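**Student:** As a plain string of letters, each chain reads:
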Amino acid sequence: MSDLKELTELTLASARDGLRNKDFTAVELTEAHITAVEEARVLNCFVKETPDKALEMAKASDERIAKGEARDLDGLPIGMKDLFCTDGIETTAGSHILEGFVPQYESTVSQNLWNDGAVLLGKLNLDEFAMGSSNETSFFGNVINPWRRAGDDTPLVPGGSSGGSSSSVAARIALAATGTDTGGSIRQPAAFTGIVGMKPTYGRCSRWGVVAFASSLDQAGPMARTVRDVAIMLKSMASFDPKDSTSVDCAVPDYEKALTGDIKGLKIGIPKEYRVDGMPTEIEKLWQQGIEWLHAAGAKTVDVSLPHTKYALPAYYIVAPAEASSNLARYDGVKFGLREEGDDIQAMYENTRGSGFGAEVKRRVLIGTYVLSAGYYDAYYLKAQQVRTCIAENFRKVFTECDAILTPTTPSAAFGAGEKDNDPLSMYLNDVFTVTGNLAGLPGISIPSGLSSEGLPLGLQVLGKPFDEEQVLRIAGVIEDAAGFDARPQNWWSAK
Amino acid sequence: MSEEKSNLIKGNTGDWEVVIGLEIHAQVSSNSKLFSGAATQFGAEPNSQVSLVDAAMPGMLPVINQYCVEQAVKTGLGLGAKINRVSVFDRKNYFYPDLPQGYQISQFKQPIVGEGEVIVDLADGTSVIVGIERLHLEQDAGKSIHDLHPKQSLVDLNRSGIALMEIVSRPDLRSSEQAGAYMRKVRTIVRYLGTCDGNMEQGSMRADVNVSVRKPGDELGTRCEMKNINSIRFIQQSIEYEARRQIEVIENGGVIEQQTRLFDSKNGETRPMRSKEEAHDYRYFPDPDLLPLALDEAWIDDLKAKLPELPDDKKARYISDFGLSPYDASVLVSERERADFFEAVASGRDAKLSANWVTGSLFAALKKEGVSIHDSKVSASDLGELIDLISDQTISGRIAKDVFELMFESGRPPREIVEEQGLTQVTDTGAIESEIDKIIAANPDKVEQVKEKPRMMGWFVGQVMQATGGKANPQVVNEILQKKLGH
Chain V
71 MSDLKELTEL TLASARDGLR NKDFTAVELT EAHITAVEEA RVLNCFVKET PDKALEMAKA
131 SDERIAKGEA RDLDGLPIGM KDLFCTDGIE TTAGSHILEG FVPQYESTVS QNLWNDGAVL
191 LGKLNLDEFA MGSSNETSFF GNVINPWRRA GDDTPLVPGG SSGGSSSSVA ARIALAATGT
251 DTGGSIRQPA AFTGIVGMKP TYGRCSRWGV VAFASSLDQA GPMARTVRDV AIMLKSMASF
311 DPKDSTSVDC AVPDYEKALT GDIKGLKIGI PKEYRVDGMP TEIEKLWQQG IEWLHAAGAK
371 TVDVSLPHTK YALPAYYIVA PAEASSNLAR YDGVKFGLRE EGDDIQAMYE NTRGSGFGAE
431 VKRRVLIGTY VLSAGYYDAY YLKAQQVRTC IAENFRKVFT ECDAILTPTT PSAAFGAGEK
491 DNDPLSMYLN DVFTVTGNLA GLPGISIPSG LSSEGLPLGL QVLGKPFDEE QVLRIAGVIE
551 DAAGFDARPQ NWWSAK
Chain L
24 MSEEKSNLIK GNTGDWEVVI GLEIHAQVSS NSKLFSGAAT QFGAEPNSQV SLVDAAMPGM
84 LPVINQYCVE QAVKTGLGLG AKINRVSVFD RKNYFYPDLP QGYQISQFKQ PIVGEGEVIV
144 DLADGTSVIV GIERLHLEQD AGKSIHDLHP KQSLVDLNRS GIALMEIVSR PDLRSSEQAG
204 AYMRKVRTIV RYLGTCDGNM EQGSMRADVN VSVRKPGDEL GTRCEMKNIN SIRFIQQSIE
264 YEARRQIEVI ENGGVIEQQT RLFDSKNGET RPMRSKEEAH DYRYFPDPDL LPLALDEAWI
324 DDLKAKLPEL PDDKKARYIS DFGLSPYDAS VLVSERERAD FFEAVASGRD AKLSANWVTG
384 SLFAALKKEG VSIHDSKVSA SDLGELIDLI SDQTISGRIA KDVFELMFES GRPPREIVEE
444 QGLTQVTDTG AIESEIDKII AANPDKVEQV KEKPRMMGWF VGQVMQATGG KANPQVVNEI
504 LQKKLGH
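Chains V and L supply the protein sequences, listed in that same order.
Residue numbers for the first sequence, in this note's numbering: 71 to 566.
Residue numbers for the second sequence, in this note's numbering: 24 to 510.
Hints may be right or wrong, so weigh each one.
[To be verified] Facing chain L, according to a computed beta carbon distance under 10 Å, are these residues of chain V, among others:
#, residue
1, Leu-153
2, Val-374
3, Glu-393
4, Gln-455
Honestly, the hints are just simulated from the structure, not real lab data.
Just so you know, these numbers come straight off a predicted model, no measurement behind them.
Don't be surprised by glycine CBs; every beta carbon is placed ideally from N, CA and C.
Build out the structure end to end from the sequences listed, making use of the hints.
**Tutor:** And the structure:
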């Protein structure tokens with residue numbers, strides 16, 4: 071390969087094939103990405119870059135490739151959301167309270183990726199404890215979307231909470247990245263940056279070693295530039311893990327093989343409740359366009375009803391903070407991470423948590439504590455769990471009528487940094503189409519499908535039956551082909 | 024249920040009844056913790072038995088220890104309680120430095136074991152039935168140590184995550200004696216089952232004691248709870264003190280406030296706990312890291328079939344099959360080791376005689392020396408052999424007592440002692456007869472007297488025994504004396 075710069079243009083699949091063809095080495099591929107990472111620091115994608123580690127891993131990959139022992143992801147440089155604990159490498163969850171915390175263990179998902187030969191470029195920025203939809207709550211600063219509105223330099227948000235992941239993949243400084251999705255944190259940022267992001271079925275990827283936000287909703291998943299790349303990543307990330315009691319013992323198929331392009335005769339549900347008030351017409355049009363692509367590929371669409379959809383967002387914003395308020399109790403200054411001394415233990419707790427957590431985390435801890443309190447539990451938490459059961463039941467019923475569901479991923483394109491600072495409710499509305507998938511534990515994917523009037527990417531979402539990731543990927547592949555989305559952000563960020 | 028008058032406490036305004044309920048925390052006998060693989064050995068170096076899960080490191084997840092579940096189910100079966108096919112683990116949220124997660128995983132609304140009952144035998148031969156409300160599994164916390172550093176408190180997480188069974192009784196106990204007997208009975212049951220070692224001094228069993236008082240027949244009074252008491256004696260003392268205190272408060276026109284109190288074993292008093300968190304809101308909710316615990320009916324049945332014989336059944340069998348008195352049977356079954364020892368002695372021998380030796384000489388000697396049956400130098404087979412030596416008339420019952428003393432001191436087998444000391448009983452009629460003839464010849468006056476007073480025969484027996492060093496078979500001696508001097 072003559073020009074190393076071109077190596078960052080490759081998809082994960084073509085880079086893999088190139089390595090096996092010996093067109094270039096893993097070290098060359100990695101060096102190209104390390105350079106790209108360094109040049110894109112203005113995007114603030116990484117909390118920590120690990121170039122030495124990356125080159126060391128790449129060398130080991132080259133040795134295996136030379137011996138003909140290449141593994142599935144050998145030599146492919148990726149980014150790791152800084153919510154996954156990495157052995158010997160600082161893991162912050164985007165929070166001051168965990169600054170300087172170096173785990174002595176490796177999360178199952180990241181270990182799976184290393185076992186398959188993937189190369190770690192560094193730890194990716196995110197909303198603090200994955201709480202946010204714009205990557206503006208990180209203690210380590212905002213992540214900037216590489217996309218800009220046509221003729222406008224306003225910095226845009228990359229979505230959240232996996233904003234470092236989406237931005238790095240969209241800016242072509244990582245071939246792929248891991249994300250986690252509690253209410254839309256993979257799919258929404260994927261939509262905002264014109265890439266593919268998938269949240270698998272709850273239980274498909276192990277949560278062991280992933281800093282917990284809301285345990286019953288959190289699910290790891292891949293983010294990459296094509297559906298094929300996402301399929302390749304998911305195969306490595308997914309596994310049954312006896313260390314996670316909610317992990318499901320279910321064989322992991324070769325997802326790449328599922329991309330047959332054949333969806334003839336499939337029935338795709340179009341839920342009427344997703345036509346929300348005030349939804350921009352361009353979103354409506356994109357959705358209609360998606361329906362036509364599916365028809366053209368030989369699939370049928372059916373109108374379906376998910377009557378409890380309108381309660382999903384309120385239920386989510388009770389369940390997730392409730393679990394978070396308890397999950398975040400361990401950050402008390404006693405054992406690890408930040409400690410701010412005080413006159414007694416109570417003062418130490420207050421000082422540590424007061425200065426260690428940011429405003430959004432505090433807001434959710436307060437909400438969560440409130441909804442679990444004596445006297446309020448039945449009215450809030452219990453009611454929300456009942457809503458959740460209804461939503462899951464809605465989907466179960468609808469999936470007797472159709473094979474998958476098509477919706478927009480988000481009600482709007484990426485917005486400007488700071489635009490929703492003082493309006494948490496409007497920020498929470500970003501998740502309106504994605505939270506249902508988390509509440510029901512279903513697999514969902516966002517595929518870049520068009521541009522807004524301002525020239526920003528928009529995504530369509532496919533939701534599938536539990537553990538039917540293959541069908542979801544197959545349909546996504548068809549939409550990807552039909553959309554032929556080849557728009558990309560102009561490189562304004564490169565230091566050179 | 025017996026409502027003995029003697030349980031009532033006299034106050035200035037009449038009799039008072041004390042109402043007691045116990046929450047027993049019993050540590051599950053298990054080599055590893057409830058949700059992690061870390062070891063549970065008592066007395067290990069601080070923080071040497073702590074897994075990533077026990078220390079609540081970010082991203083760590085609990086995985087239920089199947090063996091602890093089995094132990095809890097066995098305990099439930101042993102308490103004659105309902106086993107719940109589905110139970111749920113909840114988080115009990117509160118901050119404390121030795122609670123690394125910031126919550127304790129416990130069971131709140133749906134415990135693993137439901138209602139049951141325990142029969143408690145009392146010293147006066149009566150018994151009471153104590154209702155069990157529930158048994159649930161939960162994690163223990165770590166230990167805060169406040170006296171090792173001038174300014175800081177230190178934390179030892181070895182106990183963090185160890186499995187506990189909380190056994191909650193109904194308020195069915197009416198005296199400190201009953202409470203002590205109940206505690207002992209539960210300890211006996213878990214020890215029989217091997218589900219808890221019951222070592223209270225090591226903290227394997229402790230109790231929260233709920234006490235209220237009322238006039239007989241009245242509604243239940245307001246209760247106070249005394250936390251974490253780790254000896255039966257202290258449980259009883261705390262009840263005595265607390266009942267008196269409450270009666271005094273009420274009789275002086277006061278009102279009992281529901282509170283958590285601390286029992287101070289130094290002066291035998293209870294006092295309000297200083298903590299401000301009296302009104303803790305634990306914000307219980309189902310732990311999303313754990314699925315509901317679903318138990319298979321066949322698996323439960325299998326455990327039930329494999330349960331060892333429990334003390335109540337054993338006692339009934341000793342009474343009906345061996346003809347033992349209820350008291351002796353109770354004493355023998357109160358510890359599994361005692362019962363096992365007794366059964367080994369009684370095997371192939373007279374059960375009543377065996378029971379007499381075990382509950383009599385052996386228990387007396389053990390008690391005098393403060394030794395447990397486990398450490399007894401006299402083995403069951405040696406004690407059995409001693410009984411055999413009596414039965415086959417090798418030694419007399421009286422000599423046997425002496426032989427037992429020597430066995431208890433030295434741990435040597437009885438046959439060896441008997442042979443070495445020449446204690447074998449003389450049953451040779453000729454030898455005994457010649458001794459008797461000598462005594463008759465030497466004491467003509469006594470021979471005259473015995474004709475008048477048959478009770479004088481005892482004097483002759485004593486003379487013969489003295490002459491033979493106590494080895495003469497008393498039965499043979501009596502027969503010959505009767506023949507020679509009787510009418």
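**Student:** Check each numbered hint from earlier against the structure, then list the numbers of those it violates in ascending order.
**Tutor:** Going through the list in order, the structure violates hint 2 alone and respects the others.
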